[in-house]
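Novice: These protein sequence lines are chains X and H, in that order.
This note's numbering numbers the first residue of the first sequence as 1 and each following residue consecutively.
This note's numbering numbers the first residue of the second sequence as 1001 and each following residue consecutively.
Hints in this document: simulated from the structure, not taken from any laboratory.
Check the hints yourself; a few may be wrong.
Unchecked claim - Here are the computed distance ranges between Cβ atoms for each label pair:
#1 X:110 / H:1150: 52 to 60 Å
#2 X:110 / H:1203: 22 to 30 Å
#3 H:1342 / X:221: 23 to 31 Å
#4 X:89 / H:1150: 38 to 46 Å
#5 H:1240 / X:156: 24 to 32 Å
No residue lacks a Cβ here, since even glycine has one placed at the ideal position from N, Cα and C.
If you want the building blocks of each chain, they are given just below.
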Amino acid sequence: MSETDPLSVIVVDDESPARGLVREYLANHADMRLVAECANGFEAVKAANAHKPDLIILDVQMPKLDGFEVLELLGAETRSVIFTTAHDSYALRAFNVHAVDYLLKPFSAERFAEALALARTRLRKSEPVPARELLETRRDGAALDRLLIRDRSNVHVIPIDQVDFVESQDDYVSIRAAQKSYLKEQAISDLEQQLPKTFVRIHRRFLLNISRLAKIELSEKESRIAILHDKTQLPISRSGYAKLRAVLDG
Amino acid sequence: MHPIFTNGKQMALYILGYLPIGAVLVIGFGHAGAWGTATAFFLPLTMLYGFLGMTAYYVCRAFPINQQYRIWRALPAQAMAAVTAGGFSVGIAWAWSAILESLNLNVQPKMYLDQPWTLFAVGVLLFGLAIAFHYALIASLESQRSESQILESKLLVREAELKALRAQLNPHFLFNSLNSVSALTTSDAASARHMCLLLADFLRDTLRLGSAQRISVQEEFAVLQRYLAIEQVRLGSRLSVQCVGSDQALQENIPALLLQPLVENAVVHGIAHRLEGGTVAIHAECRDSALIISIANPTDADRPRSQGSGLGLNLVRQRLQAHYGAAYLFEANEADGTYRVNIRVPLAAPDLQA
Chain X
1 MSETDPLSVI
11 VVDDESPARG
21 LVREYLANHA
31 DMRLVAECAN
41 GFEAVKAANA
51 HKPDLIILDV
61 QMPKLDGFEV
71 LELLGAETRS
81 VIFTTAHDSY
91 ALRAFNVHAV
101 DYLLKPFSAE
111 RFAEALALAR
121 TRLRKSEPVP
131 ARELLETRRD
141 GAALDRLLIR
151 DRSNVHVIPI
161 DQVDFVESQD
171 DYVSIRAAQK
181 SYLKEQAISD
191 LEQQLPKTFV
201 RIHRRFLLNI
211 SRLAKIELSE
221 KESRIAILHD
231 KTQLPISRSG
241 YAKLRAVLDG
Chain H
1001 MHPIFTNGKQ
1011 MALYILGYLP
1021 IGAVLVIGFG
1031 HAGAWGTATA
1041 FFLPLTMLYG
1051 FLGMTAYYVC
1061 RAFPINQQYR
1071 IWRALPAQAM
1081 AAVTAGGFSV
1091 GIAWAWSAIL
1101 ESLNLNVQPK
1111 MYLDQPWTLF
1121 AVGVLLFGLA
1131 IAFHYALIAS
1141 LESQRSESQI
1151 LESKLLVREA
1161 ELKALRAQLN
1171 PHFLFNSLNS
1181 VSALTTSDAA
1191 SARHMCLLLA
1201 DFLRDTLRLG
1211 SAQRISVQEE
1221 FAVLQRYLAI
1231 EQVRLGSRLS
1241 VQCVGSDQAL
1251 QENIPALLLQ
1261 PLVENAVVHG
1271 IAHRLEGGTV
1281 AIHAECRDSA
1291 LIISIANPTD
1301 ADRPRSQGSG
1311 LGLNLVRQRL
1321 QAHYGAAYLF
1331 EANEADGTYR
1341 VNIRVPLAAP
1351 DLQA
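With the hints as extra help, turn the sequences into a complete structure.
Specialist: Structural data, given as structure tokens:
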């Protein structure tokens, strides 16, 4: 990127007047080019995929996908992000995900220009934001209530209680929900920590939603098999069985 | 538990109250040359008797005297208790004199045991006093309790009102609205002005109506429509509104701003989560001598209802409780992608605030 190339920007906000304001403020900055305006997270993921923007100006509270979830889905593709929101309570999380700045609505043209200046500095240094950190700092310790899966520019939102089980496949996890399988780039042990207590690691390779468990059968020499309501069979390891017992008896 | 036992200071005061009675007995029974014996015998004895007198509390509780139960109903039981106490006092006197003897204090308490009937009579009399004291105590405790109950319920109403008022002025709503105004100033000055006026009207409503007063459903609907008009500037075509009330229902009175937090929930936790938006439907009608109000909104199937809305629901429930006692119905449920809140209150309910 040369010093003279304009920076590409997308703005994401579900409120039309709010997008209009950012458009107006951006017009004063010749080195910034607005390449897309998005009214929700899905559009944002699509636009980011298509334009590979230098900067995303991102609202936090939006339908379906909030700003943090959009960032999680984009992962390493995000070069820099400025949050805009009326809530001051997200500031800590915003800096945890390496946001350039955090603008409290309503904000002035001057405050907006400061944020852009910070973004320019960040981009000139061109330190990519480590994707790992984005994933790991995404929540304040609360269990997930849904899984977000990105399939190129499409996003699937799966409520946690629809998930039957999760299977580890190398660097990916395969998530089984509502008779479909989804692939997500995440380690199973990572996901295990984010899931609610209803999910038990019954095997090195499997996480089971215990509400799907129909019965446990003993196969040859002490090894056990979990039989789900839909007749799916999953292996249970010795330590997995102990965890399962602890939850079921608990 | 005896109320006096709960407080050490009260207990000490109560027992000290027996001191003058003891003094009277010393003067009554003592004579020249035996003042020491009378003091050593009667003073501790009356204090000890104070504890026996406390049992009168339980008799008084078992046989209360009030509008319903007259004094003659309690009389036989109290007389029996007093006679028993009299017997006990003779026993205690006997035991105490034995203890005094064994202490070799150069006193001769035995002489008082020669008059057991006198001791018995004094015991019965003192128990009668204790009974009178305890009836007075119970009456005073009860009036204190009912006073604090009235105070508490008044406080509850006030608190609910204050909380409701604070919840009404959701700062995020204000900041988002101000952001819209700021955005529209250059792009659409007329809309910006319109938004300012809507905001001003809404704020005036919430400040004016924040107290415990009641307004007609029609007035409440007007406040809701102003609020929703502001949200429509932000959410655009995603938010549509249906607000319908029967003529009779519109004339009924409800606590001011009762519905506003529910409608705000419908927008913030319902419509705002949906890409395609939806309709907030508000209905009011009268049926079976009750006013029935329902607020419904479509929900996002992928998102469990967020926790934030619970606080608003509790505040509304508290306000209903404060205004209608137990005579209200409040339910919230989600079915087939629609979240619905139903409220049912009696028609022309008596105002508890009056």
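Novice: Hints broken by the structure, by number, lowest first?
Specialist: 3
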